[in-house]
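4 protein chains.
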Amino acid sequence: MVLEALVAANEGSALAYGADPWTEAATVSFCELFDAPVDVAFCWGGTGANVVALQCLLRPGDAIVCPAGAHINVDECGAPERFTGAKLLDLPCPDGRLAPEQITDVLGALGDEHHVQPAVVSITQSTEYGTLYTEDQIGAICQTAHAAGLLVHVDGARIANAVAASQSSPAAMLTRTGVDVVSFGGTKNGMMYGEAVCFLTPGLADRVRFVRKMAGQLPSKMRYVSAQFDALLSDDLWLSLAGSANRSAKVLADRVRALPGVTVTQDPEVNAVFVTLERSAIAMLQDWSFFWDWDTARNEVRWMTSWATTEADIADFVAGVEAAVSSSRR
Amino acid sequence: MVLEALVAANEGSALAYGADPWTEAATVSFCELFDAPVDVAFCWGGTGANVVALQCLLRPGDAIVCPAGAHINVDECGAPERFTGAKLLDLPCPDGRLAPEQITDVLGALGDEHHVQPAVVSITQSTEYGTLYTEDQIGAICQTAHAAGLLVHVDGARIANAVAASQSSPAAMLTRTGVDVVSFGGTKNGMMYGEAVCFLTPGLADRVRFVRKMAGQLPSKMRYVSAQFDALLSDDLWLSLAGSANRSAKVLADRVRALPGVTVTQDPEVNAVFVTLERSAIAMLQDWSFFWDWDTARNEVRWMTSWATTEADIADFVAGVEAAVSSSRR
Amino acid sequence: MVLEALVAANEGSALAYGADPWTEAATVSFCELFDAPVDVAFCWGGTGANVVALQCLLRPGDAIVCPAGAHINVDECGAPERFTGAKLLDLPCPDGRLAPEQITDVLGALGDEHHVQPAVVSITQSTEYGTLYTEDQIGAICQTAHAAGLLVHVDGARIANAVAASQSSPAAMLTRTGVDVVSFGGTKNGMMYGEAVCFLTPGLADRVRFVRKMAGQLPSKMRYVSAQFDALLSDDLWLSLAGSANRSAKVLADRVRALPGVTVTQDPEVNAVFVTLERSAIAMLQDWSFFWDWDTARNEVRWMTSWATTEADIADFVAGVEAAVSSSRR
Amino acid sequence: MVLEALVAANEGSALAYGADPWTEAATVSFCELFDAPVDVAFCWGGTGANVVALQCLLRPGDAIVCPAGAHINVDECGAPERFTGAKLLDLPCPDGRLAPEQITDVLGALGDEHHVQPAVVSITQSTEYGTLYTEDQIGAICQTAHAAGLLVHVDGARIANAVAASQSSPAAMLTRTGVDVVSFGGTKNGMMYGEAVCFLTPGLADRVRFVRKMAGQLPSKMRYVSAQFDALLSDDLWLSLAGSANRSAKVLADRVRALPGVTVTQDPEVNAVFVTLERSAIAMLQDWSFFWDWDTARNEVRWMTSWATTEADIADFVAGVEAAVSSSRR
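Residue numbers (numbering that gives the first Met the number 0), protein chains in the order written: chain Z, 0 to 329; chain B, 0 to 329; chain L, 0 to 329; chain V, 0 to 329.
There may be inaccurate statements among the hints.
All copies of an identical chain are treated as equivalent in the list; a pair is satisfied when it fits inside any one copy or across any two copies.
Taking lysine to any residue pairs in the SDA-like style, the calculated list, with each CA pair at most 25 Å apart, reads [said to hold, decoys possible]: (1) K220 x D292; (2) K220 x S305; (3) K220 x E3; (4) K220 x A322.
Quick caveat, the hints were computed from the structure, so don't treat them as lab data.
Quick caveat: nothing in here was measured; it's all calculated off a predicted structure.
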């Protein structure tokens with residue numbers, strides 16, 4: 000359906016750089032979704048969206064506080080530092096979730112010219128470790144951050160999976176908890192490409208148009224991004240897709256849990272299954288199907304499901320795992 | 000046909016970040032096109048592609064020599080300076096074309112620690128002014144640049160229009176003239192999005208994968224970019240589309256030339272028509288159809304045609320111009 | 000006397016990073032000098048001071064408007080672009096002075112996301128061409144800039160020469176004309192090293208402590224900078240030294256003007272003498288005494304005098320010039 | 000004696016930017032000291048010297064591996080990230096010393112475009128924790144780094160204290176262990192200001208002149224820096240001063256160790272004394288004499304001695320500590 004929207008947007012001509020009806024409609028949809036007059040900046044990709052969002056919140060000398068395993072810290076080849084010039088203060092968060100006390104711990108640097116100044120807290124929902132923050136936990140982070148003059152950014156590359164898994168809503172989970180800006184993911188939610196930076200706090204988007212262009216994130220034919228979002232946000236399609244991915248993860252976890260030599264290390268909250276299995280079995284499986292090692296020392300790997308994962312896909316994959324572990328145990 | 004390719008690429012699943020058959024095929028097509036073992040880095044947009052290409056050629060303290068009217072100098076909101084940290088030495092080029100002597104003029108700075116070091120020459124083909132470099136002119140620029148140790152980048156956002164207009168080929172116009180790297184445009188050539196940075200000189204692409212990711216220009220579902228390029232480069236589709244745009248410009252120029260109060264200021268070489276007409280007529284037309292002022296002082300505007308421009312579009316537009324000028328002359 | 004101050008500051012121990020009585024005293028002296036509650040940031044060098052000053056005035060996407068011959072544009076190896084990430088919009092100013100109309104000319108970019116946003120006007124007083132802005136000219140620049148929301152920076156590496164030459168004062172020339180921030184030069188005014196960034200407009204210095212440290216411009220033993228300034232600002236020593244340099248330039252100009260083959264191209268307003276003479280004579284003189292070519296095409300060179308220039312120095316140099324020109328004319 | 004050198008350098012005039020006899024002489028001294036043809040770049044301050052050194056070793060996408068407590072990581076307000084655009088990969092090193100195995104642990108990122116690329120290892124000698132690397136430990140770090148294609152930088156702000164304490168020499172400790180570049184400290188070794196970046200590996204200094212200028216670290220009157228270094232390196236003055244500081248630390252540690260309520264947490268290897276004492280005693284002492292908290296949670300503070308510390312200074316300070324602890328225990 001997302002692709003159909005894209006084909007439809009291809010009919011006729013349209014003004015470039017966002018002066019088109021699709022972009023207007025998608026922006027209205029975001030305002031309804033967040034129950035707030037959000038400013039929306041459509042961008043190309045996830046790294047770009049994060050960089051644009053963060054830059055709008057930073058002054059020279061400022062630092063970004065984030066979990067050590069954050070995508071912005073480990074998976075963006077230093078893009079945030081390079082573009083914003085800001086340092087990331089990365090804190091150890093074994094399950095991917097930052098605690099408000101960890102923010103408090105770094106506030107001692109405020110006012111000291113030798114140290115970077117904590118200015119933005121960036122958390123990921125759902126986290127890189129497949130875990131979820133509750134609404135209360137996000138609210139507590141915002142309260143601690145705001146009390147000290149810091150702003151809060153949410154990397155929502157998988158925000159759809161988080162909302163679908165928690166029976167919450169963007170308004171309840173992000174707007175009313177006090178989050179300032181969200182990188183709202185499209186690519187991992189069924190789109191071909193495209194992300195949306197949503198500014199929930201008025202005034203923070205004042206410079207975003209210039210920042211986006213300067214970051215190489217302004218899609219000239221923007222309607223192809225916004226039309227996909229427009230389709231995604233209609234009739235809760237985004238939540239159906241994410242919910243399906245989440246369910247697939249649970250099914251996959253339940254199936255492999257039963258196999259000898261496979262340990263599911265945490266119950267999947269969203270669309271990631273973490274398991275340990277023997278090194279030789281991992282190698283055999285990776286030859287056959289791509290996935291990431293998670294923790295090499297522990298032989299832990301991460302399997303992601305998506306909106307496109309079918310029952311047959313799961314069955315095939317489980318059969319592959321079964322063959323690999325039995326072969327490696329012989 | 001580009002869209003059909005995109006729909007086809009949507010079938011089934013594929014590995015992310017370029018490890019897919021479409022990306023492999025499109026890369027092979029580029030090698031054939033340039034008649035050389037080019038390294039290709041697919042990117043999101045034109046500004047991003049330029050930034051990625053330039054960064055791969057620069058060391059700290061280096062500067063980019065370019066025409067004052069270059070897209071990288073005036074239309075990218077400072078993205079090159081911001082990302083690369085390099086200064087642009089912009090030189091006056093009334094018709095958009097840089098002359099080799101202008102490169103020589105700035106070489107005096109080489110070796111002086113107070114001045115930025117000219118290291119890359121960036122030219123645009125076809126230029127922002129709708130003009131074309133001949134193969135000999137590009138060859139002379141490369142010779143002058145290389146003799147002094149500088150590299151040459153071509154911003155080819157409209158390279159298709161240039162090749163189509165000149166009965167040349169990428170191999171003759173770019174590879175054999177000595178160009179080092181080309182930003183090969185897709186978006187202005189009929190694609191929904193996507194550009195390709197083509198490294199013609201071996202060794203210059205060593206760091207491009209890291210630079211691209213750091214610049215937020217790595218498309219995760221890269222097949223959607225490469226599949227479009229694959230379709231575009233098949234059966235010379237890219238040249239047909241560009242040729243059509245070029246012909247439309249000629250037709251449009253011929254039609255409006257006949258109108259009282261309209262002066263075509265230069266014969267269109269590619270797909271841009273430059274005309275002067277009265278300020279009030281410009282205003283009326285802009286209310287009705289978007290286009291850019293070119294030189295406000297001279298009442299000169301630029302009208303671009305595209306691969307999608309139809310005979311009917313031209314007829315409609317000419318009628319609009321006729322109405323505007325006759326109304327403004329009353 | 001400046002050196003004596005430095006020796007005195009060496010006695011006993013003092014707190015680092017500016018928490019010392021010399022820094023406090025020099026700051027008070029600057030407030031008196033500018034007749035305003037200025038924030039002062041002592042820095043190492045001229046390039047660093049300019050970079051610190053400018054960074055405090057810029058937001059992402061902003062640009063600095065300056066004369067093409069500005070020190071920040073041609074003599075700082077791209078330090079402003081590298082550190083601030085901002086583009087310099089350099090405008091042609093044949094005598095080194097920017098006109099208010101030139102600012103107006105670039106304001107069309109405001110609000111257009113494709114273009115960098117003019118945000119700061121930077122002028123040099125006295126200019127790199129040895130010319131002076133009058134108080135009225137500076138006032139007019141500030142008025143035009145402020146009316147459009149831009150701020151004004153003065154690169155005052157030679158501000159002492161300007162004040163000494165014009166019978167003005169820092170308060171009249173800079174504070175009351177509306178200038179926002181000044182890089183107040185020490186090195187060219189007799190100090191061993193050290194510059195002072197003076198913020199005349201309240202609020203602009205909020206981030207300067209972090210910016211200065213991040214720019215590598217925080218002197219740890221700051222008293223050695225501030226003690227020199229303290230001595231310089233006492234009993235108008237800074238104006239005596241600059242006045243002496245200015246007078247030496249006039250004397251030098253008068254002496255060489257009389258020589259055949261030497262043309263003084265402009266009456267020296269401050270401490271720079273611009274002359275044309277034959278290429279062979281220039282070469283002979285440069286073998287003997289260092290100075291910069293100014294305009295190679297015109298055989299124009301720039302001779303600078305300083306606070307330390309003596310009558311004997313002038314006589315020696317004039318004799319050298321005489322020998323060179325007579326030799327080259329043979 | 001350093002000041003005397005500076006006064007001497009003030010006599011007569013000299014060419015700017017390092018073309019003077021003092022700079023030549025100091026460079027020769029460094030070559031002798033390192034027993035190698037080192038390239039030397041004199042800079043203003045420690046942060047600037049580190050930034051210049053590191054930038055010369057980095058390509059886009061590269062990262063700097065360093066201990067979490069490194070000065071470049073926590074005490075430079077993000078200057079390295081801001082200027083170089085590179086990420087710092089900071090690793091936990093409880094006693095300030097990096098182990099070769101920690102380098103090995105991060106090499107897995109090499110070649111993966113999503114991750115920054117470890118390219119430079121930066122260690123501090125003596126460390127921020129007052130500890131020393133042995134020659135063998137530095138050699139092992141260099142061997143591990145070089146084997147994987149990484150370069151090694153030593154932040155030698157206190158290299159004099161390290162050499163004085165270890166009966167080693169710069170040649171044995173740095174050149175022959177394989178270190179590539181050293182920030183050789185002057186300020187903490189008795190100079191008013193000035194640091195020297197020493198490139199031990201040929202070829203790495205190719206761009207340093209441009210990098211230094213662009214970083215705002217080129218002293219125009221460079222002779223005032225090099226003359227101080229010249230004096231410092233003559234007759235092993237630098238080692239006498241550092242040795243004196245080291246001895247003072249040992250004396251101070253021995254004296255306070257005897258006091259009730261004071262625990263010296265590690266025997267001073269160089270010029271830092273780490274002690275724990277009651278919070279109230281710390282507060283009283285800090286009201287009276289400046290020093291840094293080290294580990295607030297453990298009530299640990301760091302007291303530094305310097306070349307200028309006298310027996311009387313120590314006696315006074317010990318008396319102050321005695322008064323504070325006895326008062327706080329009442």
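Status of each hint after checking the structure:
Taking identical chains as interchangeable, the C-alpha atoms of K220 and D292 lie at most 25 Å apart only when they sit on different chains, with a minimum of 20 Å there against 37 Å within one chain. Taking the closest pair of Cα atoms, K220 and S305 come within 25 Å of each other only across two copies (14 Å); inside a single copy the shortest separation is 27 Å, beyond that limit. With identical chains, the CA atoms of K220 and E3 are at most 25 Å apart both within one copy (17 Å) and between copies (18 Å). In this homomeric assembly, K220 and A322 never come within 25 Å of each other (Cα to Cα): the closest approach is 47 Å inside a single copy and 30 Å across copies.
When the structure is compared with the earlier hints, a violation turns up for hint 4 alone.
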